[in-house]
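*Asks:* Here are the chains, one letter per residue:
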Amino acid sequence: MKTFNYHSAKDVKEASKLASPNSAFLAGGMTTLPSMKLGLASYKDIIDIKKIKKLSGIKVSAKTVTIGATTKHVEVANSKEIKKVIPSLAALAEGIGDPQVRNRGTIGGSIANNDPAADYPSACIALNAMIITNNRKVIADKFFRGMFETCLKKTEVIEAIEFEIPQKSNYQKLPNPASRYAVVGVYVAKHKSGINVAVTGAKSCVYNDSDISDALKKNFSASAIDNVKVSSSGMNSDIHASADYRANMVKVFAKKAVEAC
Amino acid sequence: MASLVGSRVERKEDKRFLTGKGRYTADINLANQTYAVFIRSPHARAKIKKIDTSKALKSSGVVDILTGEHIATDKIGGLIAGWAIRSEDGSEMKCPANPPLAKDSVNFVGDPVAVVFAESLDEAKAAAELVKIDYKVLKAVTSLADTMNSEAIHDGIDKNLCYDWLLGDRQKVKDAFDKADKIIKLDITNNRLIPNAMEPRACVIDYNTASEEITCYTTSQNPHLSRLIMSAFGGVAPENKLRVVAPDVGGGFGSKINLYNEEIVCSWAAKKIERPIKWVAERTESFLTDTHGRDHITHAELAVTNDGKFLGFKNETIANLGAYARVFGTVTPTYLFGPCATGVYVMPAAYSNVKAVYTNTAPVDAYRGAGRPEATYTIERIVDKAAIELGMDPIEIRMKNFPTEFPFKQTLVHQIDSGDYVAGLNKAKEMSDYDGFAARKKDSESRGKLRGIGVTTYFEACGIAPSPVVMMLGCGVGLWESAEVRFNPTGQVTVYTGSHSHGQSHQTTFAQITADELGVPIENIDIVHGDTDKGTFGMGTYGSRSLTVGGIAIVNACKKIVAKGKRIAAKMLEASEDDVEFKDGEYVVAKSNKKKTIGEVAFASYLPGVRDEVKSPLPEGDEPGLIESSFFDPANFSFPAGSHIAEVEVDPETGNVRLDKYTAVDDFGTIVNPTIVEGQVHGGLAQGIGQALTENAEYDESGQLITASYMDYTMPRADNFPEFNLGFTCTKATTNPLGVKGCGEAGAIAAPPTVMNAVINALGGREIQMPATAEKVWKACQQNKKSNSEAA
Ligand SMILES: Cc1cc2nc3c(=O)[nH]c(=O)nc-3n(C[C@H](O)[C@H](O)[C@H](O)COP(=O)(O)OP(=O)(O)OC[C@H]3O[C@@H](n4cnc5c(N)ncnc54)[C@H](O)[C@@H]3O)c2cc1C
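Line order of the protein sequences matches chains P and H.
Note that the numbering used here has the first sequence beginning at 8, numbered continuously upward.
Note that the numbering used here has the second sequence beginning at 1379, numbered continuously upward.
If you're looking for bench data, these hints aren't it; they were derived computationally from the structure.
These figures come from a predicted structure and were not determined experimentally.
Beta carbons: idealized from backbone N, C-alpha and C, even for Gly.
A couple of the hints might just be wrong.
Heads up, simulated DSS-like pairs for lysine-lysine below, C-alpha to C-alpha not over 30 Å straight-line [what the hints assert, rightly or not]:
| # | chain 1 | residue 1 | chain 2 | residue 2 |
| --- | --- | --- | --- | --- |
| 1 | P | Lys210 | H | Lys2163 |
| 2 | H | Lys1399 | P | Lys44 |
| 3 | P | Lys9 | H | Lys1436 |
| 4 | H | Lys1819 | P | Lys258 |
| 5 | P | Lys44 | H | Lys1503 |
| 6 | H | Lys1827 | P | Lys258 |
| 7 | H | Lys1433 | P | Lys44 |
| 8 | P | Lys210 | H | Lys1827 |
| 9 | H | Lys1436 | P | Lys51 |
| 10 | H | Lys2154 | P | Lys9 |
| 11 | P | Lys210 | H | Lys1436 |
| 12 | P | Lys258 | H | Lys2164 |
| 13 | P | Lys236 | H | Lys2157 |
| 14 | P | Lys51 | H | Lys1433 |
| 15 | H | Lys1820 | H | Lys1436 |
| 16 | H | Lys2157 | P | Lys9 |
| 17 | H | Lys1510 | P | Lys236 |
| 18 | P | Lys44 | H | Lys1436 |
| 19 | P | Lys258 | H | Lys1436 |
| 20 | H | Lys1510 | P | Lys9 |
| 21 | P | Lys51 | H | Lys1827 |
| 22 | H | Lys1433 | P | Lys258 |
| 23 | P | Lys258 | H | Lys1510 |
| 24 | P | Lys44 | H | Lys1428 |
| 25 | P | Lys51 | H | Lys1510 |
| 26 | P | Lys210 | H | Lys1820 |
| 27 | H | Lys1428 | P | Lys9 |
| 28 | H | Lys2163 | P | Lys236 |
| 29 | P | Lys236 | H | Lys1827 |
Pairwise CB distance ranges, derived in the manner of DEER restraints [what the hints assert, rightly or not]:
| # | chain 1 | residue 1 | chain 2 | residue 2 | range |
| --- | --- | --- | --- | --- | --- |
| 30 | H | Glu2079 | P | Gly153 | 38 to 44 Å |
| 31 | H | Ser2080 | P | Glu156 | 24 to 30 Å |
| 32 | H | Glu1617 | P | Phe11 | 43 to 49 Å |
| 33 | H | Gly1398 | P | Ser230 | 22 to 28 Å |
| 34 | H | Asn1586 | P | Phe11 | 35 to 41 Å |
| 35 | H | Pro1616 | P | Asp245 | 50 to 56 Å |
| 36 | H | Asn1586 | P | Gly153 | 24 to 30 Å |
| 37 | P | Met154 | H | Glu2101 | 37 to 43 Å |
| 38 | P | Pro94 | H | Glu2101 | 55 to 61 Å |
| 39 | P | Asn29 | H | Gly1629 | 37 to 43 Å |
| 40 | P | Met154 | H | Lys1560 | 25 to 31 Å |
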């Protein structure tokens, strides 16, 4: 690991001010630190945001669940309030990586990183999330731009993520056997306003599968998905799963999610 | 005093390991030490055109940078293959030179080319980036199947072939096949594995400028052998000026048998730069450069009669050696593999033919089970296939071909002294509720799942020894083991063993057998290992040989102690030696009931005299002290055997395989500590199941290792396993006084075919190769669906 300057920011303003094209925020460090150790990334400044109290915590209102950016996966997984209103979100957090990762990794870090195989981006899309930063609010659909790419500016700090409480929802994933990231993860959520079928792991970036959601709009049942065609074009292919397999699994896991809704 | 052999004595090691007090090589820091970073080839195959270290040498904190040129100038020797194997045509095997730092060519990604020594690790790494190496990149040879038709990697090694070896009689096999009702054919791969010891390799070197002695602390399974090779072949220093210490070692599984490039280079360099050196591998270096395991392609044929009797067996295998032949590299796919090819069966005729080839991949060497898992996988898969094709039950076909009398002369080499395969399989059948399978299958099906059951019966040849035998087969050294037992004057016992514990719990097991022999409380017994300056000599730990060979050396040394003690006790008790009996740590004269404890005898042996009188307790001709040593060379290997049964549930929608039940019934002869043995079985099973379901080392066409991290190389985790259901049967080994057989490798040997037979059973007989990953299984389910609908 290359040497760097360590800063612990006392508030969001300071964190943002310290940020530069050559810096990274340190939340859980579960992505940043391994990539620095492997020499895949190096930074001049590491800005620790864990001491900023305001960034952590869970708030539930009648229509929304708001989770602070540095809230750890384990906290979401164990939250009684979240389990009550969006159990699928707590279950998603429970299925991330392993206990060590869940004890350190944060929702803000996960979303900022936008790994194509990460779980949380699917929750953001399915639950019409609003990403709240230090200078704006962005709807999830506009936030995730592509592989490891978001609309965040270098000096922008995610403060919280606000999820809409759905009527029903469920998340099912085929975990990568080695890392436990999603080979395919499908988050189905039925809102008053419509149905989202957010798919992660399958392509370079999370997406809403409108063919499946259209089919579900007509008939919210697993069998409604049977006749939907999921094309393998644009799907990821690696040693763990070919594009063809992934395309098939999108359907299988969408069905599983609907069944479990 | 109750015997400790057979009891669940708590592990003496637990306290230090579970409280983080283990002392591993990387925990050692020496004053004034420098840090080594190796510069490794990023290419699988290339010529080294030029190395420019000028800029790097000026970098901050750099002490020195050494390359293959320096190695050549100092005439430092390379790494070696420990076994010389001959081809079927009588020619000697062909091995390339393997210098510790590559000078002219590199042959796998990770091959070390240069080394930087600096004041800090960061400085060493920074300087390493400044070393400029010009390579001429050549086309890599990575596909095992095509290797023999590819360009030769090493000068003078035609077809990349190390040897083309045969064991058995082709004519006899042909005759047997001519008589067969049916020939069963099978093509399989034995997937390449990365051992992944929890502790990465490391070495810390101290050079004493006064005594000119080099001390190498290292992560080795056999420090004595490392010293021998480093001295005799590396020419680093004479053995008396070289001390190798392997302190706590966090797992080896065969990957730490070898002496590696880094140990030779750092030992040699410490003397050159007159500074201590520390090197610790990073995890990526472990993936790239630890010796890998398995990696075979096999075509096998089994000749059978219609009622399921075996007539003959052929095994044609291509084995990958990787870029170079290492210590057990050449013997693993031959004598550790070929003889076990016919399994636990009466097989009138058989041969194993192995072509071992070089590729531009990391060297392949012994990995838990070494050769025997590959052999067992082949025979147990083809026996199951025979059962399917003949419409027989897998247990029935096995029972039909078991030997019933022991000693059993196995087809290819071994004379198996003891065993009872029928009893083992019956017990496994019962413990696994084999007869209840149909009902469980129905239940799975009602939930849309498939269920399969798999059986394996195996034997293995371990306790790797008889020196005359192994040397006749091509081993460069004898494989005995040594021990020295010292009674201290105040009554405690120190046992020096040449075996090495890197997870095997010798500190406990060896103390148990010593306590039984000497009648000394186990708390007063210390086991010392892993240091060439302590104890006699040792051949190390691999091939489940520690207890069966090393343990027996301890027993024999103890017996010598007891015998000498008896002579002394008789004199002290003024009795004839014949009247003295040794029991539970006491020498007793039956007639008078006068006695001396062995501690009193030990004391007297060191302080042979009393005040005011010239009187020695030592019999005439005996010297003071109570120290004895023994070298044990058994008459034969030992032959554990067992029957394993697994059940899997497959989700046809996703291809996910869930291992639901696993029953293992093993015969390890006498069991010294059941808890430790169960731990060994659990560990072996975890690795075997990992091979069957998750693990696979993959290189791409250019020779880059794609699975070079835990994000891609799938180590099995606790949630991949069910609760293991373990049982034991016991037929004692007749070749050692304890009747022990060795248990370290059994799980890794038996689990792959057991699990794969279950998966294939669930897939209605459709064959897939290991590992049975979700996508492969899903595809097989899709194909089954397609052929079922075509049939309908
Ligand atoms: C072994 C392993 C297994 C894993 N398995 C899974 C899995 O199954 N599913 C899954 O979804 N994830 C998985 N992860 C990822 C993990 O969940 C973390 O969430 C993820 O690594 C990022 O979160 P972090 O808090 O650790 O971020 P960090 O590593 O601290 O930061 C990551 C990036 O996000 C930026 N960042 C962090 N916080 C903010 C913020 N508030 N505002 C703006 N930018 C910010 C940083 O600048 C940095 O670039 C795994 C990770 C590991 C190491």
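*Asks:* All hints, please: hold or fail.
*Replies:* Hint check results:
The hinted pair formed by P:Lys210 and H:Lys2163 meets the criterion: a straight-line CA distance of about 28 Å does not exceed 30 Å. A threshold of 30 Å between alpha carbons decides the hint, and for H:Lys1399 with P:Lys44 the separation of about 26 Å falls inside it, so the pair holds. For the proposed pair P:Lys9 and H:Lys1436, the alpha carbon gap of about 19 Å is at most 30 Å, so the pair holds. At roughly 26 Å between alpha-carbon atoms, H:Lys1819 and P:Lys258 fall within 30 Å of each other, so this suggested pair holds.
Proposed proximity of P:Lys44 and H:Lys1503 is supported: the alpha carbons are some 12 Å apart, at most 30 Å. Between H:Lys1827 and P:Lys258, the direct Cα distance comes to roughly 18 Å. Compliance with the 30 Å bound is thereby established for this hinted pair. With a C-alpha separation of about 24 Å, the suggested pair H:Lys1433 and P:Lys44 falls inside the 30 Å cut-off, and the hint holds. Simply put, P:Lys210 and H:Lys1827 have alpha-carbon atoms about 29 Å apart, close enough for the 30 Å limit, and the pair holds.
Of the supplied pair hints, the one linking H:Lys1436 and P:Lys51 holds, its CA atoms being roughly 24 Å apart against a limit of 30 Å. Taking the CA atoms of H:Lys2154 and P:Lys9, the gap is near 41 Å; set against the 30 Å cutoff, the hint is violated. A distance of roughly 47 Å separates the Cα atoms of P:Lys210 and H:Lys1436; the hinted pair therefore is violated under the 30 Å criterion. A distance of roughly 19 Å separates the Cα atoms of P:Lys258 and H:Lys2164; the hinted pair therefore holds under the 30 Å criterion.
Restraint check for P:Lys236 and H:Lys2157: satisfied, since their Cα atoms lie roughly 18 Å apart, inside the 30 Å limit. For the proposed pair P:Lys51 and H:Lys1433, the alpha carbon gap of about 24 Å is at most 30 Å, so the pair holds. The straight-line distance between the Cα atoms of H:Lys1820 and H:Lys1436 is roughly 73 Å, outside the 30 Å bound, and the hint therefore fails. Taking the CA atoms of H:Lys2157 and P:Lys9, the gap is about 45 Å. The hint is violated against a cut of 30 Å.
Only pairs whose Cα atoms come within 30 Å are accepted, and H:Lys1510 paired with P:Lys236 is rejected, the gap being roughly 53 Å. Distance check on the hinted pair: P:Lys44 and H:Lys1436 sit about 25 Å apart at the alpha-carbon level, within 30 Å; holds. Taking the CA atoms of P:Lys258 and H:Lys1436, the gap is about 60 Å. The hint is violated against a cut of 30 Å. Of the pairs offered as hints, the one joining H:Lys1510 and P:Lys9 holds, with about 20 Å between alpha carbons and a cut-off of 30 Å not exceeded.
Proposed proximity of P:Lys51 and H:Lys1827 is contradicted: the alpha carbons are some 53 Å apart, above 30 Å. Of the pairs offered as hints, the one joining H:Lys1433 and P:Lys258 is violated, with about 57 Å between alpha carbons and a cut-off of 30 Å exceeded. At most 30 Å may separate the alpha-carbon atoms for a hinted pair to count; P:Lys258 and H:Lys1510 exceed this at roughly 51 Å. Proposed proximity of P:Lys44 and H:Lys1428 is supported: the alpha carbons are some 29 Å apart, at most 30 Å.
At most 30 Å may separate the alpha-carbon atoms for a hinted pair to count; P:Lys51 and H:Lys1510 meet this at roughly 25 Å. This hinted pair does not check out: P:Lys210 and H:Lys1820 have alpha carbons roughly 38 Å apart, beyond 30 Å. Distance restraint check for H:Lys1428 and P:Lys9: the Cα-Cα separation of roughly 27 Å lies within the 30 Å cut-off, and the hinted pair is therefore satisfied. Restraint check: the Cα-Cα separation between H:Lys2163 and P:Lys236 comes to about 19 Å, which is no more than 30 Å; the hinted pair holds.
Proposed proximity of P:Lys236 and H:Lys1827 is supported: the alpha carbons are some 24 Å apart, at most 30 Å. Against the hinted window of 38 to 44 Å, the Cβ-Cβ separation of H:Glu2079 and P:Gly153 comes to about 28 Å, which falls outside the hint. The hinted range of 24 to 30 Å is satisfied by H:Ser2080 and P:Glu156, whose Cβ atoms lie roughly 28 Å apart. Taken as a hint, the range 43 to 49 Å holds for the pair H:Glu1617 and P:Phe11, whose Cβ atoms sit roughly 47 Å apart.
Between H:Gly1398 and P:Ser230 the CB atoms are about 55 Å apart, so this pair departs from the stated range of 22 to 28 Å. Distance hint check: the CB atoms of H:Asn1586 and P:Phe11 are about 39 Å apart, consistent with the given range 35 to 41 Å. Range check, H:Pro1616 to P:Asp245: about 52 Å between beta-carbon atoms, so the 50 to 56 Å window is met. Separated by about 60 Å at the C-beta atoms, H:Asn1586 and P:Gly153 break the suggested range of 24 to 30 Å.
Between P:Met154 and H:Glu2101 the CB atoms are about 41 Å apart, so this pair conforms to the stated range of 37 to 43 Å. Hint check: P:Pro94 to H:Glu2101, Cβ distance near 29 Å, so the stated range 55 to 61 Å is violated. In this structure the supplied range 37 to 43 Å holds for P:Asn29 paired with H:Gly1629, their Cβ-Cβ distance being about 40 Å. Between P:Met154 and H:Lys1560 the beta carbon distance is about 54 Å. The supplied range of 25 to 31 Å is therefore violated.
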